[in-house]
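Given only the sequences and the hints, what does the whole structure look like? Please build it.
Protein sequence lines correspond, in order, to chains A and B.
In this text, residue positions in the first sequence follow UniProt numbering: the first is 1, and each later residue adds one.
In this text, residue positions in the second sequence follow UniProt numbering: the first is 1, and each later residue adds one.
Careful: at least some of the hints might be erroneous.
Intra- or inter-copy, both count: the list cannot distinguish identical chains.
Unchecked claim - Straight-line C-alpha distance at most 20 Å; calculated EDC-like pairs for lysine to aspartate or glutamate:
no.	residue 1	residue 2
1	270	120
2	270	114
3	153	120
4	222	183
5	270	58
6	153	58
7	222	99
If you are wondering where the hints come from, they were derived from the structure by calculation, not from laboratory data.
2 protein chains.
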Amino acid sequence: MTDPTHPLDRATRLARHPDGSLAGHTEPAYANMVGPFGGTTAAAMLNAVLTHPDRLGDPVALTVNYAGAVADGEFRIDAVPMRTNRSTQHWSITMTQGDAVTTTATAFFALRRETWASTEAGFPAVPAADSLPRMDSSAFAPWTCCYDMRFVKGFWPEGSKPEQELDSVSTLWIRDDPPRPMDFVSLAAICDSFFPRVMIRRPRRVPAGTVSLTTYFHADAKHLARVGAKHVLATARASRFGLGYHDQSAEIWSEAGELLATSHQVVYFKE
Amino acid sequence: MTDPTHPLDRATRLARHPDGSLAGHTEPAYANMVGPFGGTTAAAMLNAVLTHPDRLGDPVALTVNYAGAVADGEFRIDAVPMRTNRSTQHWSITMTQGDAVTTTATAFFALRRETWASTEAGFPAVPAADSLPRMDSSAFAPWTCCYDMRFVKGFWPEGSKPEQELDSVSTLWIRDDPPRPMDFVSLAAICDSFFPRVMIRRPRRVPAGTVSLTTYFHADAKHLARVGAKHVLATARASRFGLGYHDQSAEIWSEAGELLATSHQVVYFKE
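This is how it looks when you write it as structure tokens:
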């Protein structure tokens with residue numbers, strides 16, 4: 001299903017060594033200010049399980065901890081099934097460069113089946129993606145060029161609004177660029193594609209970065225495939241800033257109104 | 001600071017072996033339908049780091065994965081510092097019984113310092129704890145007797161309301177019983193004290209259980225100590241039910257209106 005020519009597939013491609021460890025390489029297209037975009041790191045960690053011969057079912061929960069900077073270049077991932085039950089499986093995943101652990105993760109996979117279903121969150125009232133201008137990525141880190149982002153609300157601070165008129169909400173349409181059919185790899189990366197909420201809220205540029213990211217997948221592989229290469233609607237907000245960290249909660253919706261994922265993170269910020 | 005006579009301290013007490021592993025024992029007071037209450041398991045995992053000689057700072061993020069049932073009795077915890085930076089530290093934590101991994105976790109700790117702060121979430125409009133009746137725990141699992149819970153909204157299903165009139169929101173005042181000063185151990189356990197949202201929403205009893213829980217701590221040890229043994233306000237809701245799982249997002253507030261923690265989980269349910 002993956003397209004070796006797409007930069008996201010290059011960023012998350014893993015070669016399996018005889019000892020079971022995996023080797024990958026950061027992809028220049030997804031470069032951030034320093035090292036790679038965290039979304040591709042999360043997607044590579046998830047892909048280590050998705051491509052594992054012992055993998056059972058689809059991802060339900062993924063937590064990625066950004067323990068240290070990932071340097072541009074080679075990385076190693078070890079993915080270990082910690083416990084396999086009849087229809088569920090828990091994984092522990094570690095990314096290293098040399099002797100340094102850069103990233104840790106846990107993932108919960110399960111065989112999913114149809115059950116009673118209900119979406120309690122509401123799909124935001126938004127204009128169609130086609131009616132909105134695409135964000136100009138030229139002022140941002142290279143990875144932002146790998147996404148077609150169309151902001152409804154909460155774009156990068158313009159400096160024109162006083163603090164008290166703002167909240168931390170951003171809502172945008174987003175898809176991979178070049179277009180790429182939606183799958184867990186793409187969705188895991190998109191969940192980390194929001195600018196840090198502290199910059200939207202204050203609004204100004206401050207040093208900030210994700211330290212831990214948890215994503216819950218509400219769609220299975222079959223549902224995700226239906227999304228195709230269309231934009232998805234992404235919305236994020238913070239509930240608390242303080243003591244050097246803030247949280248962020250996000251929802252990713254298909255154009256058809258299916259809640260594909262909810263994602264939470266805690267973000268370091270300075271001052 | 002811990003009180004060896006308090007059942008929560010018995011449930012989370014760990015003896016350190018020469019090889020660095022920790023030994024604990026489930027506490028009958030916190031028994032669930034099968035095995036112990038997941039909140040005490042989460043609290044014991046966190047306590048393995050809190051009591052570790054190499055621990056740096058306070059917890060900021062904790063993810064606990066319930067990989068398999070914990071049997072009543074002895075358990076072992078191994079807590080490994082995966083990476084220590086100047087002011088942050090990432091941990092990997094595993095609970096085992098015999099050869100079986102029952103629980104995995106990651107924790108992010110940091111030295112916290114005062115920064116710009118803002119609470120964007122709103123403290124719910126609720127009556128005072130003293131004005132509400134305490135939940136009668138006699139129909140529930142033993143662990144519920146370890147909490148003084150006073151429901152504002154979203155109590156256990158009475159069977160009197162049709163599905164479409166309900167949402168999955170529960171809001172309640174809660175404190176440890178016997179009263180115990182608030183700390184990270186208590187807060188981590190309280191974050192898993194909500195009944196599964198699926199039972200509130202439908203509303204009816206179905207097999208259900210947490211599979212992964214992530215808590216973000218917005219208070220440091222000093223702020224938490226100020227809460228004392230008072231009730232805290234807890235509120236939780238789901239955004240999506242389907243394919244055998246649902247999410248839950250929760251907030252824990254001090255009586256004084258400080259957001260102490262936000263917590264997210266994914267819950268298995270049947271049918």
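Check your understanding: How would you classify residue 270 and residue 58 at a CA-CA limit of 20 Å: within, between, both, or neither?
Key -> So residue 270 and residue 58 pass the 20 Å test across copies only (17 Å; inside, 37 Å).
Practice item. At 20 Å max between alpha carbons, let me know whether residue 270 reaches residue 120 within a copy, between copies, both or neither. Key: between (35 Å within a copy, 18 Å between copies)
**Study point:** Same-copy or cross-copy closeness of residue 222 to residue 99 [CA-CA at most 20 Å]
**Key:** Result: close neither inside a copy nor across copies, 39 Å intra and 36 Å inter.
Review point. How do residue 222 and residue 183 come out at 20 Å by Cα distance, when the copy is not named: within, between, both, or neither?
Key: Cα proximity of residue 222 and residue 183: one copy only (9 Å, versus 44 Å across).
Review point. Between residue 153 and residue 120, at a C-alpha cutoff of 20 Å, which is it: within one copy, between copies, both, or neither?
Key: between (22 Å within a copy, 17 Å between copies)
Check your understanding: Between the shortest in-copy and the shortest cross-copy C-alpha distance, which are at most 20 Å for residue 270 and residue 114: within, between, both, or neither?
Key -> Classified as between: cross-chain Cα gap 10 Å, same-chain 45 Å, threshold 20 Å.
**Study point:** Alpha-carbon proximity context of residue 153 and residue 58, limit 20 Å
**Key:** neither (32 Å within a copy, 35 Å between copies)
Consistency with the previously given hints fails for numbers 6 and 7, ordered from lowest to highest.
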